[in-house]
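Heads up: the protein sequence lines correspond to chains Z and H, in order. Note that this note's numbering has the first sequence beginning at 7, numbered continuously upward. Note that this note's numbering has the second sequence beginning at 7, numbered continuously upward.
Please note that the accuracy of each hint is not assured.
Note that identical chains are pooled: a pair holds if it fits in a single copy or bridges any two copies.
As the list claims (entries may be wrong) - With a straight-line cut-off of 27 Å between C-alpha atoms, the simulated DSSO-like cross-links for lysine-lysine are:
(1) K58 / K386
(2) K235 / K167
(3) K59 / K354
(4) K220 / K619
(5) K621 / K167
(6) K58 / K485
(7) K229 / K167
It should be emphasised that the hints constitute simulated quantities derived from the structure, not laboratory data.
2 protein chains.
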Amino acid sequence: MKKISSYIIVPLLIAITFLFSNHIVNQEESESVLFPVEIAEDATPDVLARIKKVGDNPVSEIKFEKGTYHFYPDKGQEYFRNISNHGDHLIRTAFPLIGLKNLTIDGQGSTFIFHGIMIPFLVDRSEGITIKNLSIDWAETFHSEGQVVANNLKGKTFDMKISEQYPYEIRNDQLYFIKEYYEHTIGQSILYDPNRSAIAFDTESYTNLTTVTKVKNDFALDKVNYKYKADPNEPPLKWRGREWRLKVEPLGPGLVRVHNHGKKIPPVGMIVSMKGEQGINRVSPAFHVTHTDQFNALNVNVHHAGGMGLIAENSSDLILDNFNVTPSRGRMVSTTADATHFVGCRGKVVLKNCTFNNQLDDATNVHGTYQEVMDILGAKRIGIRSGHFQQLGFTIGRIGDQIGLVRLEDSFFPYGKLTLQHVERINSRYQILTFKENIPANLKPGDLIENLDAYPELLVENCNIGKNRARGLLISTPKKTVIRNNTFHTEMEAILVPVESSHWYESGSASNLSIIGNTFQDCVHSGQNRGVIRFVTDDENENIAFTDIDISHNQFNQFDNLILEVNNTKGLSFEDNTIRNSGSFPQLFPENPVIKVKAAQDIRFDSNQYLGKAKTIIESDQASRNKSKLVFQ
Amino acid sequence: MKKISSYIIVPLLIAITFLFSNHIVNQEESESVLFPVEIAEDATPDVLARIKKVGDNPVSEIKFEKGTYHFYPDKGQEYFRNISNHGDHLIRTAFPLIGLKNLTIDGQGSTFIFHGIMIPFLVDRSEGITIKNLSIDWAETFHSEGQVVANNLKGKTFDMKISEQYPYEIRNDQLYFIKEYYEHTIGQSILYDPNRSAIAFDTESYTNLTTVTKVKNDFALDKVNYKYKADPNEPPLKWRGREWRLKVEPLGPGLVRVHNHGKKIPPVGMIVSMKGEQGINRVSPAFHVTHTDQFNALNVNVHHAGGMGLIAENSSDLILDNFNVTPSRGRMVSTTADATHFVGCRGKVVLKNCTFNNQLDDATNVHGTYQEVMDILGAKRIGIRSGHFQQLGFTIGRIGDQIGLVRLEDSFFPYGKLTLQHVERINSRYQILTFKENIPANLKPGDLIENLDAYPELLVENCNIGKNRARGLLISTPKKTVIRNNTFHTEMEAILVPVESSHWYESGSASNLSIIGNTFQDCVHSGQNRGVIRFVTDDENENIAFTDIDISHNQFNQFDNLILEVNNTKGLSFEDNTIRNSGSFPQLFPENPVIKVKAAQDIRFDSNQYLGKAKTIIESDQASRNKSKLVFQ
């Protein structure tokens with residue numbers, strides 16, 4: 007009834023306010039607001055005006071009459087945002103859900119089409135936010151696609167046909183794709199196989215296209231010095247010593263020939279996805295959720311985003327149910343980075359009944375963040391440095407959190423703990439932390455810190471994960487994790503369980519992890535020599551990183567041999583699994599065993615069925631053999 | 007005495023706190039703080055820590071023991087800043103003088119050397135701030151210089167010798183100058199004559215170097231559409247349709263040959279200043295003063311800045327006394343943009359006893375800002391749009407200010423006025439203004455607004471202005487303005503009095519302007535055909551823009567004929583001036599008259615002395631002749 011009454015009020019108000027050429031919708035206090043399709047041409051100003059009044063005029067539900075709504079950035083609220091695993095810059099939004107409590111946004115089946123560098127839903131310092139029944143898409147994409155229509159294996163060239171969906175110009179032999187408010191070069195690229203609507207088999211042999219090479223002439227660069235540690239991955243340092251290698255020749259309208267590619271020449275029929283240079287190509291995620299408790303997304307489709315589908319930081323209790331990342335309008339690519347990603351979250355993270363397809367990075371990644379101790383500033387104060395330029399401005403946690411002190415060369419687990427009392431943000435790279443207790447005498451610059459309280463329990467259930475670049479699930483939480491009844495068809499590992507300190511500064515070692523009843527269909531078809539499930543650290547030692555792992559009742563239908571890689575693990579049970587050779591693709595590493603074990607203990611196999619082609623089932627080091635009965639059964 | 011007592015306390019505190027590897031200086035309540043040279047290696051963290059405590063521990067004076075202090079950005083306080091006439095981005099500072107009252111910073115003759123993208127003095131929402139007795143420089147510059155050591159007029163090439171002060175690499179035939187935290191291409195360039203340590207005569211025939219040309223191949227760009235007005239000058243739109251034209255060939259260490267320059271080939275001996283692409287090359291002004299009353303800079307030298315020496319916005323009563331912009335360490339260039347610049351300021355602006363030399367833009371520019379009416383949103387509300395991308399986020403004024411409504415095709419003066427009641431910043435391009443009164447019925451989208459209360463009185467006295475690119479003074483304030491006893495040796499106009507609405511959106515028409523007792527020595531030696539003093543509008547009509555002008559007792563020592571251009575002016579008296587031909591350079595426009603008059607009235611000449619070479623003294627249109635007795639005497 008509320009819906010209907012709102013619907014009746016709205017057109018009247020619109021009529022009244024039409025003279026002022028801006029629609030004003032239901033300004034009085036109400037439990038429900040309904041936006042009519044009349045605002046669809048550019049819904050930004052009306053929606054924004056209402057959201058900004060929620061404080062004075064509370065509303066529990068904002069609904070949209072079913073329709074297709076455009077959101078332009080021109081009249082969107084602007085914020086400078088540090089966005090984990092994205093670039094940090096000005097974004098605009100019509101939905102600044104900041105400091106709100108118990109609000110539901112219900113699209114009622116509507117499609118929201120965004121233009122330019124916008125964050126469709128910016129959720130910050132809120133509680134009890136639900137977004138449901140809507141689809142998100144962009145008018146112009148942050149990536150571009152071209153189909154290989156001819157190639158010349160001798161001359162090492164290939165020709166791409168590019169549709170009018172992806173306008174471009176050629177500057178000094180380089181392709182620049184032109185969007186409304188954005189442009190990008192070839193940059194990071196990968197092949198899609200249109201027959202499978204998925205990443206092409208063995209794409210790593212063909213891509214990335216070798217866009218850059220080393221500069222041949224420089225002068226006096228040794229005079230450019232740094233007092234403090236500099237990050238060579240952060241632009242503009244990232245551009246140093248690099249120049250374009252590929253040359254793009256125009257053959258006709260929408261037809262170009264690519265010269266000088268250094269890997270295998272892509273086959274005719276494949277579709278090349280191009281998304282511009284790493285470091286500047288993640289600008290516009292669909293959801294950015296920060297410092298928020300109880301966030302729900304229900305029946306939401308994300309067809310595209312210039313970055314991730316959802317990136318959540320420092321939040322708790324996030325439930326995504328029937329949250330689907332899938333491409334639209336004949337595109338191969340959905341989001342240009344991860345479908346979902348959770349940093350420093352706590353409580354529960356639930357992904358159920360979701361589809362994560364065709365995105366250009368992982369389906370999800372759940373982790374904390376290492377930061378590096380830079381200065382000891384007093385008995386209770388330290389200066390810390392963000393290690394990765396896409397974690398700038400990240401807040402380590404909440405007052406009262408337990409902060410672990412870590413020296414990875416000694417142990418993956420903290421050697422000490424301190425209670426966070428105060429965070430002073432100096433800049434996005436450098437912060438000063440104050441603790442309740444005195445810092446221990448052995449803390450020294452170069453040590454890492456992690457937040458021991460900011461890891462969530464994780465459930466991933468009944469999800470369809472695949473056709474995407476990179477991994478399925480990247481799991482770095484020590485809290486109870488259940489991966490159940492999902493299907494995987496991923497280019498790289500289906501499930502990667504890492505400790506990655508040295509490049510990504512992503513913290514957290516899995517323990518209490520169950521992988522149950524899933525189907526793994528032809529994963530790791532990238533061309534890489536990796537297991538479908540892989541436990542790995544990037545530190546070369548034999549310390550234990552992962553504990554208490556259960557992998558059972560899964561189906562592995564793989565074209566190649568290697569299924570499981572176990573490193574630095576204590577306590578892993580592999581039971582009631584069935585492994586088949588699918589025959590879907592040629593084997594790339596026929597000499598591989600099924601299972602590799604290293605620096606591990608208490609590894610157990612029971613009641614498994616092997617129907618594959620490998621000659622060796624388990625390959626292991628002596629230390630692991632001493633500490634487990636490594637017999638496949 | 008205070009100074010000495012601080013000096014004694016400081017080393018003790020340093021000794022005590024040394025163990026914590028950060029110096030803490032004089033934290034107790036005090037009238038004066040003295041920083042010792044011990045902090046000089048990186049003064050940022052100590053200075054910043056003290057400044058951030060000024061609220062709790064007030065201080066009226068912060069002094070520095072005389073020395074050379076380095077300021078690195080790594081531990082500097084970070085802000086996202088909209089900076090008028092610069093780029094908008096993250097900057098870092100050790101001196102965030104925000105919300106402070108009655109504070110003096112006294113360098114006592116020290117030199118402050120900055121590194122990277124920093125704003126040495128960020129002054130915001132403060133009152134009674136004085137900066138004195140210090141020099142500002144940068145370790146690595148935001149521009150680069152190369153000397154022409156050979157050329158080939160037939161082959162149309164020239165060779166540049168580049169010192170180790172300006173490290174570079176060549177990427178795909180393009181020069182990239184590499185700095186600690188920055189890089190730039192050739193971009194905007196100009197010639198300096200090292201014999202005169204000034205901009206080279208007739209540089210416009212040689213520069214800018216023709217770095218870009220039109221793209222030859224594009225596809226489907228007509229599919230890239232905009233719902234609202236887009237700004238073609240704002241990156242990335244600015245890059246469209248352009249590609250590199252010059253080719254740079256390495257000849258040896260620090261020696262490059264430049265091919266394909268489309269203007270005259272620069273002569274051997276000249277120094278080419280290069281500062282990167284317009285639109286992204288103004289990142290780091292020395293002073294940014296906003297919303298501040300009573301700002302004083304006394305005995306300050308600015309040897310460099312990656313932008314302006316001082317940019318002030320929305321501030322009042324600014325006095326620069328012996329504020330000198332001059333190059334250091336053998337460089338030709340001082341600041342890479344204007345020496346000083348005042349936008350929307352009020353009260354008094356005083357520049358006295360200053361030197362503004364060798365900067366890459368005007369000595370000063372005093373103006374308001376036009377913004378464009380985009381939407382009529384209600385009886386008292388309008389949506390406005392910033393016209394120029396380097397005015398984004400500019401606040402039109404203070405509550406209670408009189409806002410003028412302007413339609414330039416009708417008049418340079420406002421057709422209506424409204425009282426500002428509220429500003430809602432939606433984004434840096436779009437704001438919503440609410441007025442006390444109802445807006446008039448004839449206000450329509452496309453009209454401009456200007457703040458009638460935000461213009462200052464201006465005094466420029468005893469200043470040495472010259473050797474710089476571009477103009478001396480750009481004056482767009484209707485308040486009383488006195489330009490007295492200065493010397494000018496500028497590349498373009500010494501004094502430009504404009505109304506420039508269509509490109510720069512800089513508002514304000516001069517009236518009550520006195521130009522008295524100045525010496526103009528060989529100005530407009532750029533090669534441009536312009537007057538030394540020039541009144542001009544960019545709107546093609548005969549409306550009056552400028553009134554009540556007095557030009558008297560000046561010495562014009564010019565190599566060429568044209569001295570004065572008067573357009574759209576009512577009431578100008580030119581008295582007791584002496585005009586000589588200096589013979590310094592060849593005449594470029596010998597056919598020119600001395601004075602050009604157009605669309606003017608009440609123009610008067612008396613008691614002047616002409617000792618030049620022009621055959622015609624006054625050239626004018628009939629309308630002006632009808633309304634003035636245009637006889638030079």
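Identical-chain pair category, K58 with K386, by Cα at 27 Å:
between (40 Å within a copy, 19 Å between copies)
27 Å Cα cut-off: does K235 pair with K167 within a copy, between copies, both or neither?
Classified as neither: same-chain Cα gap 44 Å, cross-chain 32 Å, threshold 27 Å.
Tell me, please, which holds for K229 and K167 at an alpha-carbon limit of 27 Å: within, between, both or neither?
Cα proximity of K229 and K167: across copies only (17 Å, versus 45 Å in one copy).
Since the copies are identical, ignore which copy is meant and state whether K59 and K354 lie within 27 Å (CA to CA) inside a copy, between copies, both or neither.
So K59 and K354 fail the 27 Å test inside a copy (31 Å) and across (40 Å) alike.
Homo-oligomer pair classification [K485, K58; C-alpha up to 27 Å]
The answer is neither: 37 Å in one copy and 40 Å across copies each exceed 27 Å.
Checking K621 and K167: alpha-carbon separation at most 27 Å within a copy, between copies, both or neither?
neither (44 Å within a copy, 66 Å between copies)
Within, between, both or neither: K220, K619 at alpha-carbon 27 Å
This pair counts as neither: shortest intra-copy Cα distance 42 Å, inter-copy 59 Å.
The structure fails hints 2, 3, 4, 5 and 6 (numbered hints given earlier, in ascending order).
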